[in-house]
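Protein chains in written order, with the UniProt record's numbering: chain Z, 1 to 188; chain F, 1 to 188; chain A, 1 to 188; chain V, 1 to 188; chain D, 1 to 188; chain P, 1 to 188.
These aren't lab readings, by the way, just hints derived from the structure by calculation. Each residue gets a CB set at the ideal place from its N, CA and C atoms; glycine is no exception. Careful: at least some of the hints might be erroneous.
Unchecked claim - With beta-carbon atoms standing in for the labels, derived distance ranges:
(1) Z/Ser-184 <-> A/Gly-28: 37 to 45 Å
(2) V/Val-21 <-> Z/Glu-88: 46 to 54 Å
(3) P/Ala-181 <-> Z/Gly-129: 26 to 34 Å
(4) D/His-30 <-> P/Asn-34: 30 to 38 Å
(5) F/Asn-37 <-> Z/Lys-132: 40 to 48 Å
(6) F/Ala-32 <-> V/Glu-22: 52 to 60 Å
(7) A/His-30 <-> V/Gly-28: 53 to 61 Å
(8) A/Gln-50 <-> P/Asn-99: 38 to 46 Å
(9) A/Lys-38 <-> V/Lys-107: 28 to 36 Å
(10) F/Asn-37 <-> A/Gly-28: 29 to 37 Å
(11) P/Asn-37 <-> D/Asp-177: 18 to 26 Å
(12) V/Thr-130 <-> F/Glu-22: 48 to 56 Å
(13) A/Gly-28 <-> F/Asn-131: 19 to 27 Å
What the hints assert, rightly or not - Listed next, the in silico DSS-like pairs over lysine-lysine satisfying Cα-Cα at most 27 Å (straight line):
(14) Z/Lys-111 <-> P/Lys-174
(15) F/Lys-174 <-> Z/Lys-107
(16) F/Lys-132 <-> Z/Lys-38
(17) D/Lys-173 <-> V/Lys-132
Protein chains: 6
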Amino acid sequence: LYVCAVFVNGFACKDPKTALVEDFFFSGLHMAGNTSNKQGSAVTAVNVAQIAGLNTLGISLARVDYAPYGQNPPHIHPRATEILTVLEGSLYVGFITSNPENKLFSKVLNKGDVFVFPQGLIHFQFNYGTNKAIAIAALSSKNPGVITIANTVFGSNPSISGDILAKAFQVDKKMVDHIHAQFSEYAT
Amino acid sequence: LYVCAVFVNGFACKDPKTALVEDFFFSGLHMAGNTSNKQGSAVTAVNVAQIAGLNTLGISLARVDYAPYGQNPPHIHPRATEILTVLEGSLYVGFITSNPENKLFSKVLNKGDVFVFPQGLIHFQFNYGTNKAIAIAALSSKNPGVITIANTVFGSNPSISGDILAKAFQVDKKMVDHIHAQFSEYAT
Amino acid sequence: LYVCAVFVNGFACKDPKTALVEDFFFSGLHMAGNTSNKQGSAVTAVNVAQIAGLNTLGISLARVDYAPYGQNPPHIHPRATEILTVLEGSLYVGFITSNPENKLFSKVLNKGDVFVFPQGLIHFQFNYGTNKAIAIAALSSKNPGVITIANTVFGSNPSISGDILAKAFQVDKKMVDHIHAQFSEYAT
Amino acid sequence: LYVCAVFVNGFACKDPKTALVEDFFFSGLHMAGNTSNKQGSAVTAVNVAQIAGLNTLGISLARVDYAPYGQNPPHIHPRATEILTVLEGSLYVGFITSNPENKLFSKVLNKGDVFVFPQGLIHFQFNYGTNKAIAIAALSSKNPGVITIANTVFGSNPSISGDILAKAFQVDKKMVDHIHAQFSEYAT
Amino acid sequence: LYVCAVFVNGFACKDPKTALVEDFFFSGLHMAGNTSNKQGSAVTAVNVAQIAGLNTLGISLARVDYAPYGQNPPHIHPRATEILTVLEGSLYVGFITSNPENKLFSKVLNKGDVFVFPQGLIHFQFNYGTNKAIAIAALSSKNPGVITIANTVFGSNPSISGDILAKAFQVDKKMVDHIHAQFSEYAT
Amino acid sequence: LYVCAVFVNGFACKDPKTALVEDFFFSGLHMAGNTSNKQGSAVTAVNVAQIAGLNTLGISLARVDYAPYGQNPPHIHPRATEILTVLEGSLYVGFITSNPENKLFSKVLNKGDVFVFPQGLIHFQFNYGTNKAIAIAALSSKNPGVITIANTVFGSNPSISGDILAKAFQVDKKMVDHIHAQFSEYAT
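In isolation and in its complexed conformation, chain Z is listed as follows (with noise of 0.2 Å):
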């Protein structure tokens, strides 16, 4: 049950009285995430479950890690547009428009770069260098969420009927059914 926050800023649920400065602040930013994982990447997120001050502010953050050859898989944000800028290594990023173009715009960012992911497409970033990447993320939301693409199709739970899936991908049941397995870990 989420209580929420802090009345410093308009009308909230708590006493502005007792507010701490401690509700508007966040350490640990500077640390790597663990990229130790199939995709090769680490998202540290700072959003109102780690900064209670941000209720109703329309507003968080991320901190991003790639592993040489990782990637932030294909995913979306339902509830917000992303700003990104690179503070470490290259990346190659991109992001699909909707129906019926498809169009990819996608860009080769290096250190110092900025790109946009416009609200609810779907995007991904791939470091393809032999270094490790950094980037730091700001999302238009307290509480953007993620879907990432393939882990919420073929990994959710329970999953999604085999019949389905292989309609919509067009593979046969059996590649399904492979694919299932794969994201295996993430059901219960």
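Given the coordinates of chain Z, work out where chains F, A, V, D and P should sit on it, guided by the hints.
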């Protein structure tokens, strides 16, 4: 280039004295869409592209037709919540919550049932029966957008790199090439 | 006391881990409402009062049934635009723009036609035919509200002073008393 | 054709370098409106039509003058809440809640009293005294709109069918014709 | 702890059946505030703290009294645009645009004049005459907030470091100490 | 004259078929701004003026560089909340709540710390150390605006009257003239 619409309910871009009743009207939602396609479904959209008077008013409609065993495959609306009611037939429908739960909420809907798909979440409808099905959907935007997951990920123009998709979906690159080929019709 | 709803798509008031698929579901929109009343119409609403999961999501549905010569009399939704489609029969519909033009935009709708009633404007639907009619309406609020003009003005509880209404409608007070009596069923 | 306004507080449509102090100014709210009309009241509006700089800023003002026994008859603002304060005289004011309660909240206001009329609800002010009254009202929209119930329902252009209104107000059609005639001044 | 208010116009936190007319009412705006203070002005605010029914409705009022040569010193409303009208006397008013122009828009207002102060911009009113002045202001928030620049910068609790303020205002630290002392009444 | 931007994520003003990847891109945030100025700091902004594709998307970025003992002096963003993270060095930061408390919330931030400055509140960052410092800030508006308090109050163009400022800051007019002179570089 979108030329925005009428003035009747607030300041927009056209002299309200020249607004016509046709600016608030659309005809033809009683006609079935053509479901002779791979997914066996058809969406007839009625949004600001069809009714200029919807500009600034935050709502639109759609009719969805489903052939037997047809489906409206997993997709998202980047800017809208959807509420759907079944006019004819039965549908197995669902949506999946965001990370980390990726919980599938699913249900069989019969005639007269109503279901909500919250903004930006992946959802689908599947006609598991031997008869056609029909639904009416309303969306909380004049221009909700549609992102069909498989088409967008595997049929974008140009294609997303096979390396990225192979790692994202945990399959080998040959399989990605195979799926890409299924969606080549969407690419230029 | 409204206890707000589920968490699935953003911070609301209930632990998302306890959300149920029933929180997004309603059953019965295929059943005709009872039109045996003075206006010859019935509205079956499906909003946040029926589907708790609509909380914060900005949309709702309604089914409207019309007996022959029945009507959904002039009314407004104080917090929503409406988009309506005719499932069966024919309707004469209209809305009136605000001061000083007070222009009536009206049209005969047949099966499959769609019409928009912009937020807060007075509008009506009249079944001028000898058969029943059915429409589905979507509204751009989880809780659009309905203000039926005649009932609200002449059937409020307690009554608005007859002097005020006589002058407003430019009739004598006896006539106001007469109309008040017609709506006494609505008063306590 | 509305040409939108100035840039000072955010992206609008005009070069901020050409904005003038006059774009934020209006003169004359100290002058009484002419209350020599059937309702015995006059509204002097100061919204985006008078002050271009209000564009996108969500607020406007109005002065209302009331002759003895004059009234601002039942009306709604489709896009705004109103907050009113009495500068001179006394007013009996009220608003009615939406269906199904249609509860009248009313009160006598004296000099210095403040009252709120929530968005989209029918409300009125009546000067029951023998002296003139003056009020200042603020509205939560640059372009709130006004729908005077009686004028809009019985004085629209063209007229709403007498059959519809007779049934809506539960009177015979002759009475509707009579009322229509009172508002013929508003029709073309 | 703010307990939110009434339900009449949308889902809020209190059973609408228990809402009272007093929840929409405030009394006393005809009475002059006490201007016997250093700035020679007094603001009487009427917002959601005074009228619980304003909750969610996006508007509030205030009366401002000015002694001869009194002023409402430079301040901002962090969450609202202000529109002000002069009831009595004359005022020299102004606002300054944001960086880099910092352009002063100023004007002398007489009785009945109206002026707009866009959201978040620094603004002031000065009564340069020998008579008192009175204004009514409306603000586009139920809880607009007030930040009086000098009091906030030099009278915060605890104080901002003198080094920071000396550099910001390009004065020596002794001067900052002097100004701090003037505002010590505001500190604990 | 601002010519608004691209269409990719909703109806804007330019044909989406002509949108380019450059409309979502900016380069150079890795380069330090020039801190050789009186305050010893430099802000490099990346908002809709630099990235046209941010139009309607509600977010922007900035890099802030601080020389040793440099500061980003007390300022406000009239249309945005800010969330900041320290990339290098240490900063003493704070914001002050609105009247009547004017409470200072302050904290020393080290590398990796994150802090929130709520919308419209006065805030500052001071590099109290002997090394340079760097921060990345995200803001909840495509066009947040910046109002540096001292520059705006004492360096506006034309100047605010010395009488007004002397009374506001409780200093004599000679002191105001002195401060005005420090900011004459900003005036025309």
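Hint check:
Distance hint check for Z/Ser-184 and A/Gly-28: the Cβ-Cβ separation is about 39 Å, which falls inside the suggested range of 37 to 45 Å. In this structure the hint that V/Val-21 and Z/Glu-88 lie 46 to 54 Å apart at CB holds, the actual value being about 49 Å. Evaluation of the 26 to 34 Å hint for P/Ala-181 and Z/Gly-129 yields a failure: the beta carbon distance comes to about 54 Å. For D/His-30 and P/Asn-34, the Cβ-Cβ distance of about 56 Å falls outside the hinted range of 30 to 38 Å, so the restraint is violated.
At about 44 Å, the CB distance of F/Asn-37 to Z/Lys-132 agrees with the hint of 40 to 48 Å. A beta carbon spacing of about 58 Å between F/Ala-32 and V/Glu-22 agrees with the range 52 to 60 Å that was offered as a hint. Take A/His-30 and V/Gly-28: their Cβ atoms lie about 59 Å apart, and the range 53 to 61 Å holds. Checked against the hint of 38 to 46 Å, the pair A/Gln-50 and P/Asn-99 passes, with Cβ atoms roughly 44 Å apart.
Checked against the hint of 28 to 36 Å, the pair A/Lys-38 and V/Lys-107 passes, with Cβ atoms roughly 32 Å apart. Judged by the Cβ atoms, the range 29 to 37 Å given for F/Asn-37 and A/Gly-28 holds: they are separated by roughly 32 Å. Range check, P/Asn-37 to D/Asp-177: Cβ separation about 25 Å, and the 18 to 26 Å hint holds. Evaluation of the 48 to 56 Å hint for V/Thr-130 and F/Glu-22 yields a pass: the beta carbon distance comes to about 52 Å.
Between A/Gly-28 and F/Asn-131 the Cβ separation comes to about 21 Å, which falls inside the hinted range of 19 to 27 Å. Of the supplied pair hints, the one linking Z/Lys-111 and P/Lys-174 is violated, its CA atoms being roughly 50 Å apart against a limit of 27 Å. For the hint linking F/Lys-174 to Z/Lys-107, the alpha-carbon distance of about 25 Å falls within 27 Å, and the restraint holds. A C-alpha spacing of about 42 Å is found between F/Lys-132 and Z/Lys-38, which places the hinted pair above 27 Å, so the restraint is violated.
This hinted pair does not check out: D/Lys-173 and V/Lys-132 have alpha carbons roughly 59 Å apart, beyond 27 Å.
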